[in-house]
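Novice: Sequence:
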Amino acid sequence: MSQKEMLTLDAFEEASELVRKVTNDTSLVYSEYFSSQCGNKVWLKPENMQVTGAYKIRGAYYKISTMSDEARAKGLITASAGNHAQGVAYAAKAYGCKAVIVMPTTTPLIKVERTRSYGAEVLLWGDVFDESQAKALELAQEKGYTYIPPFDDLTVATGQGTIMMEIFKELPLVDIVLVPVGGGGLATGVSTLAKLLNPKIRVIAVEPAGAACLKASLEKGEVVTLPEVNTIADGTAVKTPGKTIFPYLQKNIDEVITVEDRELVTAFLDMVENHKMIVENSGLLSVAATRHLKEKGKRVVSVLSGGNMDVITMSTVVQNGLIARDRIFTFSVLLPDRPGELVRVAKVIAEQQGNIIKLEHNQFYSTNRNAAVELRVTLETFGTDHKKQILEALKKNGYTTKVVNTTL
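At position 252 of the sequence shown the residue is numbered 252 (my numbering), and the sequence of numbers has no breaks.
Rather than coming from a laboratory, the hints here were simulated on the basis of the structure.
Please note: incorrect hints may appear among the correct ones.
[Unchecked claim] Under the rule of at most 27 Å between Cα atoms (straight-line distance), these lysine-lysine pairs were calculated in the DSS-like manner:
#, residue 1, residue 2
1, K296, K215
2, K169, K41
3, K98, K74
4, K388, K347
5, K296, K195
6, K41, K298
7, K135, K93
8, K169, K98
9, K135, K41
10, K169, K251
11, K276, K169
12, K74, K169
13, K74, K143
14, K169, K200
15, K251, K215
16, K243, K135
17, K41, K93
18, K200, K239
19, K298, K358
20, K195, K251
21, K93, K21
22, K251, K239
23, K347, K200
24, K200, K98
25, K220, K294
26, K358, K402
27, K298, K276
28, K143, K215
29, K21, K41
Note that the structure is predicted; figures quoted are calculated from it, not measured.
Full structure from sequences and hints, please.
Specialist: Structural data, given as structure tokens:
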């Protein structure tokens, strides 16, 4: 099929058949927890469970499958923050093609290493996707490689839209589909097919507040390039949405929701604790957006676009999430420098079932040590109410405390 024949029902059906060769079953998962939090019935579409850890394998494989043998033989090149990279690398390996992937220098290590594990050559270039893309296009021109767009391509978008085909077959009465957005390929495919299947289905695009290029573009009525992006959702840190797919987004996206980074942090903990799943920050956009929905009593599907997160990023997100939920907090208290004072503070905390995980005793806080030394205590608690209970108990015992930790 040509580009003009893409994003049609026939193309979506063909793509759905083809991608079955390389995709895992990602059946909908009903979430009692997220449903109770937003007053809707929420299902999760766990694309984080794909063989490459993300939905991108769909569009990459379908795009490569429609190419000629001659085009594949030239070698393939693309730019990606990670998930499209793995999709292209995996699909190229399946077809026996050479693949060169240009990735931002900020890409998590796990995405870089997994891309290489599929046999692709990786070049780290630029701080953000847009800079990597410029380099990939330059190399395609110079070396004669065939460029595989990560999102601004009708064939790629058609492949991504196969997600909607699966959602509709499982939940034909779905009311709302929440889709993470970076460049817009996934949102284009999902929203276009949704409207073909049932125009009443609302498709809501979800962007990080620090990289809301689609929202800015839709508001202006034309493609807008942001001056900069700043978000922990690295997979959706895109300055410019796709120009080719933009008319489809204008036509089929019903609403755009923006999500702050701090919401992604708490959503990560919610997902781990309630569903035992690792979902990367970009994939959590649709989950965090469930709390923004004004509608109630609707059947909602949140697309979890990927789960490729390195351990260091994961540990940082967990720590910040615990702080944001008051599960961990630090306070300082001034004590006279005499024996027994530290024990007294520890006794009050123990009586309230607080768990001390770190102590810092600063004897040089004041030139008059008899008047005051500073004690900083980091505690593990059950949450906000427990935190308040401990601080109130310390106050009743004559201690003046000051909470000193910060969050995202």
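Novice: Take the hints in turn and mark each one as holding or not.
Specialist: Evaluation of the provided hints:
1. For a cut-off of 27 Å, the pair hint linking K296 to K215 stands: about 24 Å separates their Cα positions.
2. For the given pair, K169 sits about 17 Å from K41 by alpha-carbon distance, which is consistent with the 27 Å threshold.
3. The hinted pair formed by K98 and K74 meets the criterion: a straight-line CA distance of about 8 Å does not exceed 27 Å.
4. Among the hinted pairs, K388 with K347 is consistent with the structure: their alpha-carbon atoms are about 17 Å apart, no more than 27 Å.
5. Straight-line distance between C-alpha atoms of K296 and K195 comes to about 21 Å, which keeps the hinted pair within the 27 Å bound.
6. Under the criterion of a C-alpha separation no larger than 27 Å, the hint pairing K41 with K298 is consistent with the structure, at around 6 Å.
7. Taken as a hint, the K135 and K93 pair is honoured in the structure, with Cα atoms around 23 Å apart against an allowance of 27 Å.
8. The straight-line distance between the Cα atoms of K169 and K98 is roughly 36 Å, outside the 27 Å bound, and the hint therefore fails.
9. At roughly 44 Å between alpha-carbon atoms, K135 and K41 are farther apart than 27 Å, so this suggested pair is violated.
10. For the proposed pair K169 and K251, the alpha carbon gap of about 23 Å is at most 27 Å, so the pair holds.
11. Annotation: proposed proximity of K276 to K169 holds, straight-line Cα distance about 25 Å (limit 27 Å).
12. At most 27 Å may separate the alpha-carbon atoms for a hinted pair to count; K74 and K169 exceed this at roughly 38 Å.
13. For the hint pairing K74 with K143, the CA-to-CA distance comes to about 9 Å; that is within 27 Å, so the pair holds.
14. At roughly 16 Å between alpha-carbon atoms, K169 and K200 fall within 27 Å of each other, so this suggested pair holds.
15. The suggested pairing of K251 with K215 holds, with an alpha-carbon distance near 14 Å, which does not exceed 27 Å.
16. Distance restraint check for K243 and K135: the Cα-Cα separation of roughly 19 Å lies within the 27 Å cut-off, and the hinted pair is therefore satisfied.
17. This hinted pair does not check out: K41 and K93 have alpha carbons roughly 40 Å apart, beyond 27 Å.
18. For a cut-off of 27 Å, the pair hint linking K200 to K239 is broken: about 30 Å separates their Cα positions.
19. With a CA separation close to 45 Å, the supplied pair K298 and K358 exceeds the 27 Å bound.
20. At most 27 Å may separate the alpha-carbon atoms for a hinted pair to count; K195 and K251 meet this at roughly 10 Å.
21. A distance of roughly 13 Å separates the Cα atoms of K93 and K21; the hinted pair therefore holds under the 27 Å criterion.
22. A C-alpha spacing of about 21 Å is found between K251 and K239, which places the hinted pair at or below 27 Å, so the restraint holds.
23. With a C-alpha separation of about 61 Å, the suggested pairing of K347 with K200 is violated against the 27 Å cut-off.
24. Restraint check: the Cα-Cα separation between K200 and K98 comes to about 43 Å, which exceeds 27 Å; the hinted pair is violated.
25. Between the alpha carbons of K220 and K294 the distance comes to roughly 24 Å, so the proposed pair stays at or under 27 Å and holds.
26. For the suggested pair K358 and K402, the alpha carbons sit about 16 Å apart, so the restraint of at most 27 Å is met.
27. For the suggested pair K298 and K276, the alpha carbons sit about 25 Å apart, so the restraint of at most 27 Å is met.
28. Straight-line distance between C-alpha atoms of K143 and K215 comes to about 36 Å, which puts the hinted pair past the 27 Å bound.
29. The hinted pair formed by K21 and K41 fails the criterion: a straight-line CA distance of about 31 Å is larger than 27 Å.
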